[in-house]
Amino acid sequence: MAETSLRARRGPVTYLLRTFVLAYLAVLVVWPLWEVASRTFAPLEQGAEAGLGAFLERLQDPSVTYAFGLTATCAFWAVVINTVFGVGISLLLTRYRFPGRRVLSVLVDIPMSVSPVVVGLALVLAYSSGQGWFGGVLESAGIFIIGSTPGMIMATAFVSLPLVIREVVPVLEEIGTDAELAASSLGANGWQTFRRITLPSIKWAVVYGVVLSLARSLGEFGAVKIVSPGAELRGETATILIQNRYTNFEEPTAYAAAFVLVLASVLALVVVSLIRKEDRS
Amino acid sequence: MTDTLVAPAGPARTTSRSSGLLRLTPTSGVGLEVALVWFSVLVLLPLAAVVGAAAAGGWGAFWGTLTDAQTFAALRLTVVEAAAVTVVNAVIGTVVAWVLVRDQFVGKRVLDVVIDIPFALPTIVAGLVLLSLYGPESPVGIDIVNTRQGIFLALLFVTLPFVVRTVQPVLIELDADVEEAAASLGASRATTFRRIILPSLVPAITAGSSLGFARAISEFGSLVLISGNTPYRTEVASLKILKFIEGDNQAGAAAVAVLLLLVAIVTIVGLDLFSRRVARRG
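For the record, the sequence lines run as chains A and B.
Counted from 1, the first sequence has number 234 at position 235 by numbering that gives the first Met the number 0; the numbering is strictly sequential.
Counted from 1, the second sequence has number 144 at position 145 by numbering that gives the first Met the number 0; the numbering is strictly sequential.
These are calculated hints, taken from the structure and not from any lab test.
A quick note: this is a predicted structure, and the numbers were derived from the prediction, not measured.
Even glycine gets a Cβ: it sits at the ideal position worked out from N, Cα and C.
None of the hints are false.
Sample of chain B residues at the chain A side, in silico, Cβ under 8 Å:
#, residue
1, G30
2, I91
3, V112
4, L120
If you want the ones that stay clear, here's a sample from chain B, every Cβ over 12 Å from chain A, calculated:
#, residue
5, G57
6, R75
7, L197
8, L200
9, I204
10, R276
11, V277
Please work from the sequences and hints to get the whole structure.
Here it is, written out as C-alpha cells:
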C-alpha cells in the first residue's frame with residue numbers, strides 16, 4: 000500500500016529520533032530502575048548482606064511486616080469504598096437527569112489533581128480533634144479520625160476516588176440504554192436489570208478501575224503521611240517506612256521495601272494490559 | 000498498544016446532552032443522596048475547610064503569607080520548574096509518541112510499558128529510584144540531592160507519560176490521505192509535519208501539557224528525598240505546606256494550599272471546556 004510505504008520510509012531522521020528516545024528513556028527510567036534492583040540485592044553499605052536471602056530477611060522485620068499490613072488494610076478499604084461509590088455515581092451520572100449533574104461530573108475529577116499534601120491538610124482541618132471543623136463533635140462522640148487508621152483510609156480513598164468512575168462512565172455511555180429499557184419493559188426490576196444487563200457489560204471496566212485504584216492506593220504517600228502518626232509500628236505505612244528508613248541511613252531496608260512496591264506496580268501494569276486484551280477479544 | 004495505567008487523556012466525562020436520561024426514581028434518589036453525602040464528607044467539606052482556614056485571618060493575612068519572602072521564593076521556584084518541565088515534555092513527549100507510533104523496531108512494546116512506569120510507581124519510590132543513580136552514592140558521579148536540577152529531574156520523571164499518552168492516540172488515528180496528498184504535491188517531510196501533522200496534534204499536546212503542569216505544581220512524594228528543602232533555594236510549594244503543618248501554622252499551610260487547589264481546579268475546568276470545544280468542532 001502506498002501509504003504504508005510513505006510512512007515506513009526511513010531516513011537519517013528516523014534513526015536519530017529513535018536513538019534519542021531510547022537514550023532519554025534509558026537515562027531517565029530504565030537505568031535508575033536497574034540501579035534500585037541491584038542495590039536491593041547488593042547493598043553498597045558496609046556490612047550489609049547481599050542476596051535474595053538477606054532481602055527476604057529485611058522484609059520479615061516486624062516493623063516492615065506491620066507497614067505492609069497497614070498499607071494493605073488502607074488500600075483494601077479504599078478500593079472497596081471507591082468501587083461501590085464509583086459504580087453508583089457512574090450510573091447516576093450516565094442514566095439519570097438531575098440538577099447539577101454536569102457540575103458533579105467535573106467535581107468528581109478534582110481529587111486526582113489536588114496535591115497529596117493539600118488532601119492531607121484538608122482532612123486535618125476538617126476532622127482533627129484539635130483544629131478540625133468537626134473535630135470537637137467527633138471527639139465528644141469518641142471518634143478519632145486523624146492520627147488513626149480511618150483517617151488514613153479516607154486519605155487513600157480521596158486520592159484514588161475518580162479511577163473507577165473514569166473507566167466505567169465511558170462504557171456506560173457507549174452501551175446506551177436500549178437493553179436496559181428493554182429489560183425493564185419486560186418486567187425486570189431495577190436490581191435485576193443492573194445485575195443481568197448492566198453489570199456484565201461494565202465488568203471489565205470495573206475490574207480495570209479496581210486494579211488502578213489498588214495500585215494507586217498501595218503507593219499513596221503524601222496524603223497518608225499527613226494524617227498518620229507515621230512512627231514505627233504506629234501508623235507507618237510501606238511508603239512512609241521507605242522515607243523514614245532512607246533518612247535514618249537504613250538504606251538496605253528502604254530499598255527492599257521499595258523493590259516490593261516496584262514489583263507491585265509492574266505487576267499492575269501487566270495485569271492492566273492483559274485485561275485490555277481480554278476486553279477487546 | 001496504547002494501554003495506559005492512568006489515562007492522562009483526561010477525564011472521560013459525561014456528555015452534555017441530557018436527552019434519553021431518566022428522571023430520578025425514589026431508589027436512585029436515595030442513592031444520589033448517599034453518594035453526595037459521602038462525597039461531601041470525603042472531598043467537599045475538607046476542601047472547604049482549607050479555604051475557610053486560609054480566609055479566617057482575612058485578606059491581609061492571606062496575602063501576607065504568600066508574599067512573605069521565603070514563601071514567595073518557594074512559589075516562584077515551583078512555577079518556574081513546572082513551566083520548564085512542561086516545555087521540555089511538550090517537545091520530548093511528542094517525539095516519544097512519534098517514535099512509538101511511526102517507527103518499527105524490536106522491543107518497541109517494552110518501550111510502551113516503560114512510559115507507564117513513572118505513573119505506576121509510588122512517588123516516594125520514584126524519588127528513591129532517581130537517587131539510586133543520581134544520589135549521594137551515584138555510580139556515575141552525579142549527585143542531585145538538594146539542587147534545583149534534582150527537582151527538575153524528579154518532575155521530568157513523574158510527568159513523562161502525560162504528553163506521550165495524549166498525543167499517541169491522535170497520531171494513530173491521523174488520516175494518511177492528507178499526508179499522502181501533501182507529499183504528492185511536493186511537500187518535504189518537514190513541511191508535511193509542520194503544516195499537516197503538527198496542527199492536528201496541538202490540542203492533544205495542550206491537554207497533555209496542562210495535566211503535566213498541574214501535576215508538577217502539586218508534586219510532593221518524589222521531591223521529599225531529593226529536594227533538600229533549603230529555603231530560597233530548593234524549597235517548593237508542597238514541601239512548604241508540610242513545613243507549615245509541622246510548625247503548627249495551619250493558616251499558612253492553608254494559604255499555600257488554596258493556591259495549589261486553584262491551579263488544580265482551573266486545569267480541570269479549563270480542560271473540560273477545551274475538550275468540549277474541540278469535540279464540537281471536530
